[in-house]
Amino acid sequence: MTVRASPTRRQVILASVATGALLVAPPAKAQVALADFMALSQQLAGPWDLDPDIGATYLRALTADPTTRATLDSLIDQGDDGSDAIADLKRTILKQWYLGTYEEDGQPAVATFERALMWRALGFEQPIGTCRGLTGYWSEPPTN
Amino acid sequence: MAEPDHSADIVIVGSGVAGALAAAELAERGADVLIVEAGPRITRDQALATYYDNPSRNWPSGPYPDAPYAPRPSYADPDAYVIQAGEDRFAASYERLVGGTTWHWEATSLRLLPSDFRLRSEFGLGEDWPITYDDLEPWYGAAERALGVAGDPADDLGVTRSDDYPMPPMPLSYMDRQFGTALAGSPYVQVTTPAARNTVPYAGRLACCGSNSCTPLCPSGAKYDALTHVEVAERAGARVLHDTVVHRVAIGDDRRVSTVGFKRPDGSEGTIGGRAFVLAAHAFETPKIMLMSRAENTPDGVGNSSGLVGRNLMDHPYKATWAIADHPVWPMRGPMTITSIENTRWGDWRAERPAFRVAIYNLGWGWATGAPVTTINGFIDQGLEGEALSQAIRETVSRQVMIASLTEQLPDPDNRIVPDFEQRDAIGIPRPKITYRFDDYTHRGMAASEAAHEDILARLGTDPPRHSNGVLAGSHIMGTCKMGRDPQTAVVDPDLRSHDHPNLFLLGSSVFPTGGAANPTLTIAALSLRAVEPILEALSG
Ligand SMILES: Cc1cc2nc3c(=O)[nH]c(=O)nc-3n(C[C@H](O)[C@H](O)[C@H](O)COP(=O)(O)OP(=O)(O)OC[C@H]3O[C@@H](n4cnc5c(N)ncnc54)[C@H](O)[C@@H]3O)c2cc1C
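Going down the list, the protein sequences come from chains H and Y.
Taking the working numbering, the leading residue of the first sequence gets 1, the next gets one more, and so forth.
Taking the working numbering, the leading residue of the second sequence gets 1001, the next gets one more, and so forth.
Everything labelled a hint here was simulated from the structure, so no lab data went into it.
The structure displayed is predicted, hence computed values, not measured ones.
Just so it is clear, CB atoms sit at the ideal spot from N, CA and C, and this is done for glycine as well.
Do not take every clue at face value.
Only some residues are given here: those of chain Y computed to face chain H with a beta carbon under 10 Å [unchecked claim]: (1) 1055; (2) 1132; (3) 1207; (4) 1380.
Sequences are here, hints too, so could you generate the full structure?
In structure tokens form, the structure reads like this:
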């Protein structure tokens, strides 16, 4: 049987079960490893704990564009070469983590509302727009 | 005549606070009430999901559906629906859905001053209202209990009160206390702004949990919105027809309203019969419905023998100022504004320049610049990373302050709204066309509030403040269906009954002869409660 152009993981498994054969992944250029992206993100973002599930969304959005993907490869493999492209990419990654948003097909999208780093940086336990404490908690400065 | 599609004793067009509050009271008094609402009906959870999905979308309308059959203007695109035909733009925003604009209001709930009702007598300007502060005082108290207003009885707000606020005042923020220390002994008296936000559980709703998002959306319902009274009305037997856009009022041979005509989202039409009719569709849509209702027996529209429907459109022209304080004030914690300066609303200088009130915002730079997002983007664009980035954000945002003034605008018959029969919305209803111009009085108000802002911020200690350009919209749409005793110079009488049609009532700020500098909604609510008795009387008329 022929496997469709972009099989889901489940389809691949089903296909291999049906044919009794083990399908080998096409030898495309290796994915940017999430671990590498997380290490880079951590270096840029500094003191905060970063969630790899959220990171996976940002990574997918970045690598959807071949040029950005090549820049990301180069930043991870060779480090910061001081180019404008790398500087731009670093800014994009930081904005993703701080604001919790990313671009998909040119449109803004939200990866996470409550876990955007901006709330942590502002010393907030909970983001604006959610219940953040008992009435009057705001009378004293934040403690964290 | 064909049988109407729906009917009720009392038909109320618009489910905002003006209509819903009257509907609740009328239904509780046993009347058969039908609320007709142009927009959709959503739950708070649906609005929250939309908001969290895209927190920065189209402030302050982002959490609410964009219904093509019930379009509304927004700050982001003031021209998408409204046609701006004047020298100046009227860039107000409002919502069209069940519950109306209080979904996104800030909940400041002030009374007008006695002198606001007598501007002509006391300062030779504008108009006098046909009622006095004393006439409205008991209704203000009733409105405060209905909406649930928290305030400090010790504060001087320029009015006398016959009863207490139903709730204790909102606890001040750390920032408010810094302003309090800075302003002590100055000409600017800081007060706790009375607001329809629960400080203790009240009327089945929770106490404020400090989301800092009163506008665009309160997540807990601690802030009053008119869905409260839609639900009270329903529990008392009122019915609600949503997705039903009223576009015509028909008058019978007896000069009474016989039916209202509506369109559904698919453009199909129907009619609603009743014995008394109330238009409460806010100060753009109410006059537009009346002016669209041209017929053989109403060639200039309904209720328009004075020729004044749509005229004297007013707002509270707005000035915002922001700066970086010398010390952290920790904004963005607690409700979006808690204290204000109100004693700039009264004084014998009012003949020369407008009254204004200064709200101390608790939003950092908030909507003035799009903070904190723009602040963060700015630091990232400068190349900051890691620990340095997060420190810069915290050090800067913790010191952001913003204050803003609402100023009084005089009525001008040339400032007006008309339906544009040439340019129609998605279901073929004429769009609103606005002719608008700010006079010198308004420009003097902008200058006076800017000077006060400089002075206030200097006392707090900040870097040189930035001011908004020109005149911003306060989004308090008023005027357009003036109240007065003389049918030649007013659209409704002091009971809010049309001078032309004895069973037609208008609720909302459209009836205000002048607007003072206080946010309008508590006065809207007081007038709605006061109109209940006359509406019931009209049933027997
Ligand atoms: C950002 C912002 C903040 C504000 N903050 C404050 C504040 O702090 N304090 C204050 O006093 N005021 C405030 N206001 C003003 C306040 O929101 C209004 O005064 C108030 O909502 C008006 O109530 P209303 O019932 O007259 O109109 P709305 O609340 O606008 O309700 C009118 C209803 O009529 C419906 N309608 C319209 N056209 C039709 C039609 N053709 N057929 C059927 N139904 C129709 C609409 O869909 C809507 O539901 C604020 C406004 C804005 C925009």
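Measuring from the C-beta of residue 1207 of chain Y to each C-beta in chain H, is the shortest one below 10 Å? holds (4 Å)
Does the nearest C-beta of chain H fall within a distance shorter than 10 Å of the C-beta of residue 1380 of chain Y? holds (5 Å)
Would you settle whether the hint for residue 1132 of chain Y is holds or violated, based on the nearest Cβ-Cβ distance to chain H being less than 10 Å? violated (36 Å)
Hint check: 10 Å Cβ-Cβ cutoff, residue 1055 of chain Y to chain H: holds (6 Å)
Of the numbered hints listed earlier, the single one contradicted by the structure is hint 2.
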